[in-house]
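K.L.:
Chains as they are written, first to last, in this note's numbering: chain G, 1 to 289; chain V, 1001 to 1148.
Since the hints were made in silico from the structure, they are not lab data. Certain hints may be false.
With a cut-off of at most 25 Å between alpha-carbon atoms, the simulated SDA-like pairs for lysine to any residue come out as follows [what the hints assert, rightly or not]:
1) V/Lys1035 x G/Thr183
2) V/Lys1039 x G/Thr111
3) G/Lys49 x V/Glu1002
4) V/Lys1035 x G/Lys49
5) V/Lys1013 x G/Glu52
6) V/Lys1035 x G/Leu93
7) G/Lys49 x V/Leu1016
8) V/Lys1039 x G/Arg119
9) G/Lys92 x V/Ala1045
All values derive from a computational prediction rather than experimental measurement.
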Amino acid sequence: MTGALTHLGSFFNMLFSTNVALAAAEASENAGHAAEGAEAAPGIHVVLKAEEVFNLAGFPITNSLIMTVITTVLLIAFAYTVRSKLAMIPGKLQAGVELLFQGVLDYMAETLESKELARKFFPLIMTIFLFVLVANQLAFLPGVGSILVDHAGAMVPLLRAPAADLNMTLALAIIAFLVIEITGVVVLGFFKYAGKYVNFSSPVNFVVGIIELLSNIGRLISFSFRLFGNVFAGEVMIAVALFFVAYLLPVPLMAFEVFVAFIQAVVFAMLTLFFIKLSIMEPHGDEAH
Amino acid sequence: MESLLDAFGIDVKLLLAQLVNFGVLFVALTWLLYKPVMKTLDERAAKIAQGVEDAETASEKAAQADENAAKVVKGAETEAEGIVSSARDLAGTEKSRIMKEAEARAAQVAADAEARAAETAAKALRDSEKEVARLAVLAAEKVLRESK
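With the rest of the complex left out, here is chain V:
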């Protein structure tokens, strides 16, 4: 065994040196290389995940906003339709009311005019009757005078 170890140059001092060497390398690489690189990888992964999440929420929000806008537009449209139809109704009733009023007024005006005409005619008749009577009286007086 001794000669075998000697043949391969196994030396406890060298073995220890190699162990220490690897230990130093292990610690140095862990601190200098693995931890910082892993940290960077983790940070980037977190950032990407955050970015993806943000994009998702943003697109969700956009979709929601779109939906909201559509809803608002639809509401406004129905409302406008309602307003127009009610205005149209209102206009219709107003129109008929105005027409009725105008008709009524026209009828009244016509009736008034007729009544006044009738009154004027009656008055004229009365006046003419009075005149006729007076003329008749005058004529009678004349006749009477001539016959005298």
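Bound conformation, chain G alone:
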């Protein structure tokens, strides 16, 4: 088994002219040289941040970034396939896509109480959902995390779940945050929207406004860390299970992680939708009291 993996490693070595190995082979190799130091000890490979695989003209290409690009390319290819087969009488693929779109659009129209707004925000919500979903699910493919490449003397995984990198989740959170706030300003007008947060009508309202402002900014953190935490924790859990019992035990855990990956995609998209709805709601002001 290890022999085959070593062959595969040399194949990758030819391709990328860099040292490529597989985690299992690496572990057994390291076990042989355990004396070399704590760094090389076999064990669970847990790193909080995405590691740099290679450097492109000063730009660090991390393993998560590679997966992100793969996800993007796959999704665009999928979109292209669907569009090229688009017809008035739908095929199976088109029918599925239409069912999903129609369902999401109806739900959005219900939530936003406006078909027009639902149409406007549909691309964003759908892209968030599809991107997070596909990115999370791709991370379960064999090879993600187990194919190692040599970078600056250390063996690092070539691929890593995109959402297990805070850069990716934070980028999504920033986009969601900006869209939510800008939508509020555009729909309500700047002063009305700002009046939701800076309100001098009474001390209570002032404090409530400040708390809301803080919770709005807190969304950046909650959005990014929720997704990152779920995916990263899932990876660690599976890695630990693999370390203890390599066969069968990880199966239910992975099944659960597949579910979590889907749920997180839904949660991210839905929360974005709900916060958009919150930001465009009229401030409940004086008439309520």
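With chain G fixed as given, assemble chain V onto it according to the hints.
P.N.:
Same frame as chain G, but now just chain V:
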């Protein structure tokens, strides 16, 4: 804060890369997937609405045509009835007229015949009177001759 960002590997370059990546994906999916699919959905919805509307107007038209046909049939029936009854009336009056005429003619013919018979009888009487007179004259002459 710096060490926290470092611990999570936050890098402005990577963050920007991820933002650009999502932006590209967003634009590509919007143009390649959402717009065409939405257009197809809209077109189909419009087509279905058109179809339903067409069916409604068609059934309305059919109902109207049915009504029209019924009306026409009813009109034709009453008209036919009228024609038949008027024809019957006409036939009745004609019949009585013809009968009256025939009766009149028969009466006239009878009267004519009677008159002619009466005339013939009168003529015969006159003729016979003349004959009787002549015979009487002859007889008288004979008697006179014998007595001579």
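K.L.:
Confirm or reject each hint.
P.N.:
Evaluation of the provided hints:
1. Restraint check for V/Lys1035 and G/Thr183: the C-alpha separation of about 21 Å stays at or below 25 Å, so the hint holds.
2. Our distance criterion of 25 Å between C-alpha atoms is met by V/Lys1039 and G/Thr111, whose separation comes to about 22 Å.
3. Between G/Lys49 and V/Glu1002, the direct Cα distance comes to roughly 14 Å. Compliance with the 25 Å bound is thereby established for this hinted pair.
4. This hinted pair does not check out: V/Lys1035 and G/Lys49 have alpha carbons roughly 37 Å apart, beyond 25 Å.
5. The straight-line distance between the Cα atoms of V/Lys1013 and G/Glu52 is roughly 12 Å, inside the 25 Å bound, and the hint therefore holds.
6. Restraint check: the Cα-Cα separation between V/Lys1035 and G/Leu93 comes to about 16 Å, which is no more than 25 Å; the hinted pair holds.
7. A distance of roughly 16 Å separates the Cα atoms of G/Lys49 and V/Leu1016; the hinted pair therefore holds under the 25 Å criterion.
8. As the CA atoms of V/Lys1039 and G/Arg119 are separated by approximately 12 Å, the hinted pair is consistent with the 25 Å bound.
9. For the given pair, G/Lys92 sits about 19 Å from V/Ala1045 by alpha-carbon distance, which is consistent with the 25 Å threshold.
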